[in-house]
Amino acid sequence: MQTHIISLLVEDHPGVLTRMSGMFTMRGINITSLTVSPCEKEGLSRMTVAIDGSESELEKVRKQLSNLIEVVKVVDLKEEKAVIRDLCLMKVHVKDSNARSEVMQLAEAYGAKIANATLDSVIIELTEEPRTIDRFVDLMKHFGIKQLFRTGVTAIGMDTGGGLER
Amino acid sequence: MTREKLKGAEIVVEELKNEGVEVAFGIPGGVLLDLYDVLYKDDVIRHILMRHEQCAAHAADGYARVLGRPGVCIATSGPGATNLVTGLANANMDSSPVVALTGQVPTAAIGSNAFQEASTFTITMPITKHNFLVTRTEDLPKVIHNAFYIANTGRKGVVLVDLPKDVLATRVDVNLHPKETFTGYKPKIKPNPVQIKKTAEVLANAERPLILAGGGVISANATEELRHLAEFLGAPVVTTLMGKGAIPENHPFSLGMAGMHGRIYANRAISECDALLSVGTRFSDRLTGWQLDQFAPEATLIHVDIDAAEINKNLQVDIPLVGDAKLALEEILKWLEKKRTTSPGSVWVQRIREMHSACEECIGDVRREGASISDMLIKEISKVLDDDVIVTTEVGQCQMFAAHYYITKKPRTFISSGGLGTMGFGFPAAIGAKVAAPDKRVVDLAGDGSFLMTCHDLATCVENDIPVVVCIFHNCYLGMVRQWQELFFEKRYSNTGLGTIPDFVRLAEAFGAYGERVEKPEELKDALQNAFESGKPAVLDMIVGQEDKVLPMIPPGGSIVGMIGTERCKPI
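Line by line, the protein sequences give chains A and B.
FYI, the numbering for the first sequence is 1 to 166, going by my numbering.
FYI, the numbering for the second sequence is 1 to 572, going by my numbering.
Extracted from the complex, chain A is given alone in its bound form (with noise of 0.2 angstroms):
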């Protein structure tokens, strides 16, 4: 078992995201991390589908999700060769000025803003590979994790793949 990205190119119509799941639901495929979004062409659209599974069951899945008549592309992305971003919010307790200072210390070693301070918590936002998300995250629960939310990875390949590009 192994983390695949997946990125998709689907025409903008409703239903898409339910056949496209559809696919991995048929297969018995855990989706762990989704995101749509427009792209840079009007009237598609971009997924990002992140699955645990086989480099077989990869393949097979690919290839029927090429079947699809409403994808356009579909690329599995390799992660030395991707720019792999996923976005955290999350509300981290603060008993004291202590543990805010030392919050706040180590939100700024790892890059993450501050996006808003109450006096018994902090909301603190960081972009950042998922794995790096994965460490602070256990870093934070130390003192506390209210709330955490993740918008799931986005990823952009460095080579041509994946865009209209040629």
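Honestly, I wouldn't trust all of these hints.
Quick list of in silico lysine-lysine cross-link-like pairs, DSS-like style, CA-CA up to 30 angstroms [as the list claims (entries may be wrong)]:
id: 1; chain 1: A; residue 1: Lys73; chain 2: B; residue 2: Lys313
id: 2; chain 1: A; residue 1: Lys73; chain 2: A; residue 2: Lys95
id: 3; chain 1: B; residue 1: Lys5; chain 2: A; residue 2: Lys63
If you want the footprint, here are the derived chain A segments under chain B, 3+ residues with CB under 8 angstroms [as the list claims (entries may be wrong)]:
id: 4; region: 51–64
id: 5; region: 79–86
id: 6; region: 105–115
The set of hints was computed from the structure by calculation and includes no laboratory data.
C-beta atoms are modelled at their ideal positions from N, C-alpha and C, and glycine is treated no differently.
Fit chain B to the known structure of chain A by using the hints.
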């Protein structure tokens, strides 16, 4: 010139006609009143009123398989659409081009649990190649055009168009017959020359080449090319259930159907070959058995398929070749002819001759020792019916008797539910087949269990003068399940006995059809003659042994070399 505004329903019918539609099988309903009103006034499209939507889908499917172009079925919203589901899933599994039109509640009411509302769009998504929910009348021309284009290109399949009532009733000003399609839909037709060369080289150097033909060969109209290649290579041909008819089964190179209920010789050839050219098949478990390492263990595996997603899905192959079967076979043959190669070793040719004659002996001899009444009947049917007769089957023992013993000589004359295994398919499919080819005789080989699932459409046959002949293997059991209970569950016949009800002859007569009982195999020929001569839809009630079995077979979990019940096969 000012254009007259067209109603959505008129646009639909105009576009159907533009796609060459001549027949539709369906049942109207509240939300389809506008569409049926246009059909009422139209004199091009013949609408056949079915008695159940499932039958409408099966009939469209049968029609499509006979003609090789899309069949059309129509159902209303809610229960009409959900009744279609089985038939659509069946057609899609067997890559049969069907376009389904369903009514839907008005767009403003969608999602409100309105009367006769079901989310047809989401329900049918996993069982269609593609589907549409039309929300604007202006979109109808493009949607209908694409429905036919998608259904009938690439790997063929089912496309459903869901039509809300207001979309059909609204008048708009539109351009008809658009040509635009989807950016992402480009069916790959032309095979890669590098893969062609690799394939040809393997075949040229093989000592024991074998061709495995699936339904894709028939659907690509590639049967001539297949026969030429087989003859040129000296390679025997085995088929899947869907591939029956890809080569005349009396051809000296034909070894018949392989797989779970296939012929032992066909399975043997798969085990012995050193190069296997598989064309238009998806290596279903009913073909390969459950031990994949035992499937063609000595062979270089070549897989020709129009659907790239089938490559390495069920079986890892050595040479994939994505593209249209007809083009691929032509190219392979061209390459081989250029580099005239040695034909396969005479040992293999001799071996094939042996296997073929063993086949002929076992399959052809009607009264072979130990033959069951079912065996005798199906062999008799195969002898009596001429080459042009279209045979459809239900699912279960009757289907496997037919697959094993019925000698199919032409493509598109053997029509069966392969992937989904839908009981009740054969009879409505026969209706579709007869409508597609009114000059040909159409026979449904049925079981009593299967026929009872869709027999109400005898009314459709009688009312519309569609004289198909149903031959029922009447064993008072759900025979195939009973056979498994006998062989693998120590004869505990749980819920497979059907009793003796109904009297099928009187049932036929009640519908105004012809009915006759066949108590002994020797009565069959005359009964068939009577049925055809009656000019009516007919039901022949053939009484068979209650414990007749389809043998040999690969037992569950078994491999292609591990068939049981081979006692009556000639050892080779």
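>> Taking the earlier hints as the rules, which of them does this structure contradict?
In response: Hint check: 2, 3, 5 and 6 fail, others pass.
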